[in-house]
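Enquirer: Spelled out from the first residue to the last, the chains are:
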Amino acid sequence: MSESSVLLRATGLTKQFPGTLALDNVSMELHQQEILAVMGENGAGKSTFMKILAGIYQADSGTIELEGQGITLNSIRNAQDHGIALIHQELNLADNLDVTANLFLGQEDHAWGWINQSSLYLKAIDLLKRLNIDIDPTTRVSDLSIGQQQLIEIAKAIAIDARILIMDEPTSSLTQHETEHLFTVINDLRERGMSIIYISHRLNEVVEIADRVVVLKDGQNAGDLPKDEINHDNMIRLMVGREMDDARHRSPLPPGEVILEINDLVTPAHPNHANSFKVCAGEVVGMAGLVGAGRTEVLESIFGVTPALSGSISIIDYDGPLHNANQAIDAGIGLVPEDRKLQGIILEMSIRDNLSLASMRDHQKNGFLNFPYEIENSAEQIKAMSIATPDDTKEVQLLSGGNQQKVVIGKWLATHPKLLLLDEPTRGIDVGAKGEIYTLIDKLAKQGVAILFVSSDMEEVLSLSDRVIVMHEGQITGKLTKSELSEEAVMRLATNATATV
Amino acid sequence: MKKILGIFILLVSICVITTIMNPNFLNPFNVHNTLRWIGLFGVIGIGVSFVIISSGIDLSIGSVIALTGALLVQLLTAYNFSVPMALFTCMGLSLVIGVVHGLLITKLKLKPFIVTLCGLLIYRSLARLATDDQSIGFGNEYEGLRVLALGSVPLPGGYSIPFPFIIFLVLSIIAMILLNKTLYGRYLLALGRNEEAVRFSGINADRIVLISYVICSLMGGLAGILFTLDLNSVQPASSGNFYELYAIAAAVLGGCSLRGGEGSIIGVMIGTAILRVLTNSITLLHIPDYLEFAIIGIVILIGVSTDEVVRKYVSSKKVKA
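Residue numbers (this note's numbering), protein chains in the order written: chain F, 19 to 519; chain B, 552 to 872.
Calculated from the structure, these hints are not laboratory results. Backbone N, C-alpha and C define an ideal beta-carbon position, used for all residues, glycine too. Just so you know, not all the hints are guaranteed correct.
Stated by the list, open to error - Below are the DSS-like pairs computed for lysine-lysine, each with C-alpha atoms no more than 30 Å apart in a straight line: (1) Lys863/B to Lys359/F; (2) Lys660/B to Lys359/F; (3) Lys412/F to Lys554/B; (4) Lys553/B to Lys359/F; (5) Lys452/F to Lys464/F; (6) Lys660/B to Lys401/F; (7) Lys401/F to Lys554/B; (8) Lys732/B to Lys359/F; (9) Lys359/F to Lys436/F.
As the list claims (entries may be wrong) - DEER-style ranges, computed between Cβ atoms: (10) Asn755/B to Leu140/F: 51 to 59 Å; (11) Val647/B to Lys464/F: 34 to 42 Å; (12) Leu140/F to Lys863/B: 50 to 58 Å; (13) His381/F to Asn691/B: 27 to 35 Å; (14) Lys412/F to Asn755/B: 25 to 33 Å.
Said to hold, decoys possible - Negatives, chain F to chain B, calculated, CB over 12 Å: (15) Thr29; (16) Met68; (17) His128; (18) Leu140; (19) Asp144; (20) Asn342; (21) Ala343.
Between the sequences and the hints, there should be enough to build the whole structure, so can you do that?
Expert: Next up, the structure:
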């Protein structure tokens with residue numbers, strides 16, 4: 019393409035967040051009438067990049083040019099004035115209002131605050147017709163399907179005269195049919211002169227719709243693919259990128275007897291997929307997959323906080339029912355949940371009280387708290403987990419993220435679990451504490467505890483797991499043994515890519 | 552503990568100021584009366600604090616008082632129930648009310664405000680229905696039973712401690728033990744802060760919440776019995792009106808946070824005492840009684856905002872340090 023066709027050019031964008039360099043010198047060009055796919059693994063920097071273009075974040079350094087003119091984007095409104103609109107993955111519609119009200123929210127025709135309803139409806143009819151969207155503008159948004167709501171979001175962007183449309187995972191909750199319709203609309207928009215930045219990690223969709231692919235990896239440019247080079251192998255190669263340094267430092271023991279056996283488990287989030295697998299004593303099993311693959315749901319059904327729709331969960335030496343978390347604890351299961359502050363600990367309670375929250379029931383005296391146990395348990399866990407605190411009566415919220423996570427793990431170790439489930443065990447934790455948690459998991463496995471953990475951190479999955487279960491949209495797409503384990507193999511299963519390397 | 556000290560100082564100040572301005576405040580008769588009222592209102596203050604700690608609310612207490620009071624009089628005078636049977640039936644009804652509130656809130660996930668607001672309306676009407684909307688009482692009968700509310704333990708100097716105050720003290724001690732020494736209390740405090748984390752720790756959160764509504768309604772029922780025995784009359788349309796708000800005010804003044812997860816029984820005791828002493832002072836100091844609510848409102852605002860101001864000051868110092 020010629021230089022004159024470049025619509026938007028970002029050069030050397032860098033964005034530092036506390037603790038992470040989200041974007042490191044990223045550059046990108048978007049041409050007129052182009053559908054550009056931006057790809058990358060979880061945490062590759064896609065959303066940060068898009069949010070900078072949409073004016074939500076400001077880059078620490080780097081420049082953005084629109085048609086050769088340098089611009090600064092310091093608010094969403096500002097980006098919209100330049101014709102750039104972002105459609106979030108989670109739709110932002112007021113679903114209690116009708117389609118028209120949503121289309122022109124903040125842009126209403128009014129006189130002294132009185133909305134000119136009829137003129138708005140006429141404009142809405144005209145707009146929807148131009149886009150070939152067959153929706154009555156007086157429908158309440160809550161009565162629309164997700165796919166239709168997505169189309170309203172697009173129409174809303176057109177209503178503010180956007181020239182560049184950024185779509186973040188637009189198909190993540192659409193049916194096949196709705197996805198096809200969306201693609202028709204997107205192609206149509208391009209014909210009318212719009213440019214679209216399309217973020218996705220669904221390889222098939224990108225092959226179908228993109229004119230060009232830009233791949234990000236660890237916050238940096240990993241490469242571009244022109245139309246004729248867009249295929250699964252090339253995309254996976256770029257997403258995986260650098261050679262993994264061999265961090266598989268764990269030396270696993272041969273697995274013991276089967277602790278957890280799951281057959282045809284169906285979770286409420288993915289009612290059409292049944293999954294089966296086993297975890298043995300002393301084994302560390304990782305669950306990999308992209309965000310939303312249904313891994314957390316599997317852990318939560320094993321632990322009983324979100325009961326499964328069907329299927330069987332059996333735990334060694336336990337014959338009782340498994341319908342709620344209380345019974346799961348009886349069976350010897352512990353869960354370190356995904357959202358530490360919301361689900362794992364009670365921030366305003368003391369370290370000591372948090373550490374005994376799950377195990378106190380087994381040490382109570384006729385309903386009364388067992389204070390000697392509590393003190394002893396707290397001292398024991400603080401030592402075992404090396405929680406950095408001089409005083410266990412301090413509130414947990416005063417601890418660092420890493421130490422808070424150790425409190426959550428300690429709370430479960432106090433119940434002496436046979437099976438420990440960990441959901442994103444090191445998310446938002448600094449490197450030092452990460453290492454300590456890995457060492458601890460290794461130690462627990464050596465003591466014969468079965469470990470099943472979910473992680474979106476590829477290095478963590480590769481280095482910690484004896485075995486990896488990969489999920490894609492609610493379905494287990496593969497199980498990899500230590501020797502079969504590679505980032506490419508995991509990504510291939512996680513994106514459900516069918517082509518061979 | 553600082554908070555308790557703060558409201559305790561507030562209570563003492565009100566007492567001292569009132570005594571200086573009208574020494575009759577310390578008159579044995581006035582002390583007896585004030586303690587009796589503290590006891591009667593304290594019972595519902597303790598009840599509602601459990602609900603507030605669970606991060607809920609109970610607006611139906613005043614109507615529960617009217618309903619159980621009306622029921623007690625009717626059962627004894629019109630239906631010839633034996634005293635134990637009548638008391639048992641009244642407490643049984645309060646228990647059922649608490650269970651229904653708890654089930655609607657935990658199983659149907661209705662908002663506590665709505666559930667107990669509907670309760671407030673329904674039980675009030677039922678009380679009027681049960682009494683044909685007539686004011687009723689025991690007349691000269693059941694003097695023995697009424698000792699429960701009217702009796703007292705004599706002290707030297709003409710002073711005496713009324714039975715309702717002793718009942719209140721005993722219930723307060725039980726409540727303190729329940730809240731601070733048992734699994735139930737620990738789970739309730741935890742749940743008021745973070746229900747999700749409690750569920751993820753394998754605790755049956757619904758049951759904890761349900762029990763808090765049962766405690767609150769039982770206390771309401773007991774207060775209904777005591778108030779009725781004390782006053783020897785029930786006006787079904789007005790008895791107990793606004794009492795839930797006194798109870799909530801006492802709990803909040805005593806340090807219960809409406810956000811849940813925070814509260815102490817000693818605080819609620821002091822909070823109740825402040826409200827009753829204040830009402831008493833207004834009478835003793837000949838302040839026009841139409842100013843009563845305004846003064847109570849202002850004192851609660853001072854009590855609560857002082858705490859917030861102190862907390863903000865402390866946390867801003869913490870940040871600097």
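Enquirer: Which numbered hints are broken by the structure, listed smallest first?
Expert: Of the numbered hints given earlier, those the structure breaks are 6, 7, 11, 13, 20 and 21, listed in rising order.
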